Amino acid sequence: MVFFLEQLLNGLNYGLLLFLIAAGLSLVFGVMHLINLAHGSLFMVGAFVTVGVAGWSGSFWLGALVGVVATFLAGLLIERLIVRSLYARSHLDQVLATFGLILFFNELLRWLSGGTPLFSPTPDGFGGAIEFFDGFFYSRYRLAVTVASLVVAAGLWFVLAKTRAGMLVRASASDPEMVRHIGFDVRLVGAMVFAAGAALAGLAGVMSGPLVSVEVGMGEQVLIIAFVIVVVGGMGSIQGTFWASLAIGLVDTLGRAYTPVLMGGFFEPRTVASVAPSLSAVLIYVLMAAVLIARPQGLFAR
Amino acid sequence: MLLLFLLLAVAPLGLEAYLLGELTRVMIYGMAACAVGFAIRHGGLVSFGHAAFFGMGAYCVLMARNAGYQDALLVWPLALLAVAVLALVIGLLSLRTGGVAFIMITLGFAQMVYFIISGSQSLGAADGLPLFGRDTLAGLSLDAIHGFHYLVLVALGLVLFVMVCLSRSPAGLALRGIAHDERRMKALGYAPKRLQLAAFVFSAVVTGFAGVLAANFYQFVGPAYLHWIVSGELLVMVALGGIASLSGGLFGALILVLFEAIFSEYTTYWRIFLGPAVILSVLYLHKGVHPAVERLLGGRDD
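Heads up: the protein sequence lines correspond to chains A and B, in order. Residues 1 to 302 in full-length UniProt numbering are what the first sequence spells out, letter by letter. Residues 1 to 302 in full-length UniProt numbering are what the second sequence spells out, letter by letter.
By construction, these hints were calculated from the structure, which means they are not laboratory data. All figures in this text were calculated on a predicted structure; none of them were measured in a lab. In this text, a Cβ means the ideal position worked out from N, Cα and C, and glycines have one as well. One should not assume that every hint holds.
One-sided and incomplete, this derived list gives chain B residues near chain A with beta-carbon spacing under 8 angstroms [what the hints assert, rightly or not]: (1) ILE40; (2) ARG96; (3) VAL100; (4) ALA101; (5) ILE103; (6) ILE105; (7) GLY108; (8) PHE109; (9) PHE115; (10) LEU235; (11) ALA239; (12) PRO276.
Just chain A, same shape as in the assembly (with noise of 0.2 angstroms):
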């Protein structure tokens, strides 16, 4: 019972960290039409910048501010040198740019940090456990990200929702004429999507940064996660993206943590453990194949 809760808020806390990077995708995706691989890289960016600033100063909060503000402001460079000559082009040329996007960023940081996975240090006052009730222990840390994750989650969907803002950005989602007519500039809503886009993924970077091991590469593999997520929410969908993240978070988790568990019911232990890790990483594609036989739009496209 303290396992299957303990697995259940890391998946909790891992779906929502998703969230944060998929919703950058998506929106940028329902706005501009724009295909965006670097955006893992932002994620990775995050996570190095926090770690460098974190270790030059001595203090993480810094290196979080640093690391949030440096991807929105990469956001804005790379929204404004590159992908506005794209939103007009094909997707294979979208891709294309931004594959190289990727190649730069991954080859610059293995540059700057030598290749060499990177640890960050868990804020102060974040670390150890904290005791929910007898014998449940769980991470401070973990739980402070679940937290701070969900209340950004809430503010974007507030934002989104119920400002002038976010009814701009809606608006141009759906009829980005319209907007232009109505005298409202939609290249700079598109620029502000992409750079909030940015700083999400950068924060989410920056929050990933303890619980994983900061290398490059990082960014490629929440990246094509982010993309089962899309699909399974359905594209453009930020409302799907959100259920769909949540999803993926907590069958990639507890499917880690119980595959081997119920394979041992039925194999020797030594096929279970060649077998199930490589089945469980399996699993999110397993449930996308599955969203694509049964509603190929994605579960909450329009």
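Starting from the structure of chain A, add chain B where the hints point.
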């Protein structure tokens, strides 16, 4: 085009083994890139998952070797059959949607294949396994690079010939129409999905063949063949060589290998230059390098 083939044919007479090997490599990756380009031009299918087929071909050689089979006449057709089955399954699922989702889904499924195969102990897991000598062709040894170079050259010529025939066939022309305007072709009475699936499987089989050759070339099989970056590099080759021509992928492969050869002289982080080069060529060199070169040489291309 003919000029390039002539060069490749006389190359073994003058070049030392290392440089000849580089040319063989160009032909192998060029074959895969031509296949990727074929699916884009005929069917409008931008696949970001062809690493799965490339790797599947390579791993089939390893599996056959594990089972004690080493002759190309038996092993290679079986390998291509296996790739075709894999492509049929992935294609059937991925084609349930189109456009951007297709890119994401093929990437997702390729990643799934990566996890399954790289988790398999008998296939060398994350480290891969050496092959100890190339496959034999009806008992003849292919271990000398000269003989292997000519075999690859013949194979490439054959594949390109088949592609020319296919692209001029009624089905090929219909596929070209589908790439242009799927809805109109449907209205004309064609079955786009079925034709697209056929094009996808054909493209995958050719890529798998390139994977078979690559495994024999390097005499090593490892997860690097399956890595998503292979899919990206194949697309880069297509774009650099020019999407419009049948043999663009071959030129793209040549450009990429030359690029690597030149810049890796200066730094091991040569991809830091490749990324911006790809971005610039997408933004400013819309039709690829190959048409420009062809114009310079005064050659014609199909």
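Now for the hints, and whether the structure bears them out:
1. ILE40: 7 angstroms, holds
2. ARG96: Interface hint status for B:ARG96: holds (4 angstroms vs cutoff 8 angstroms).
3. VAL100: 5 angstroms, holds
4. ALA101: 6 angstroms, holds
5. ILE103: With a closest approach of 6 angstroms, the B:ILE103 hint holds.
6. ILE105: 6 angstroms, holds
7. GLY108: Hint on B:GLY108: holds, closest Cβ of chain A at ~5 angstroms, below 8 angstroms.
8. PHE109: 6 angstroms, holds
9. PHE115: B:PHE115 check passes; min Cβ-Cβ to chain A is 4 angstroms, inside 8 angstroms.
10. LEU235: 6 angstroms, holds
11. ALA239: 5 angstroms, holds
12. PRO276: 6 angstroms, holds
Hint compliance for this structure: no hint is broken.
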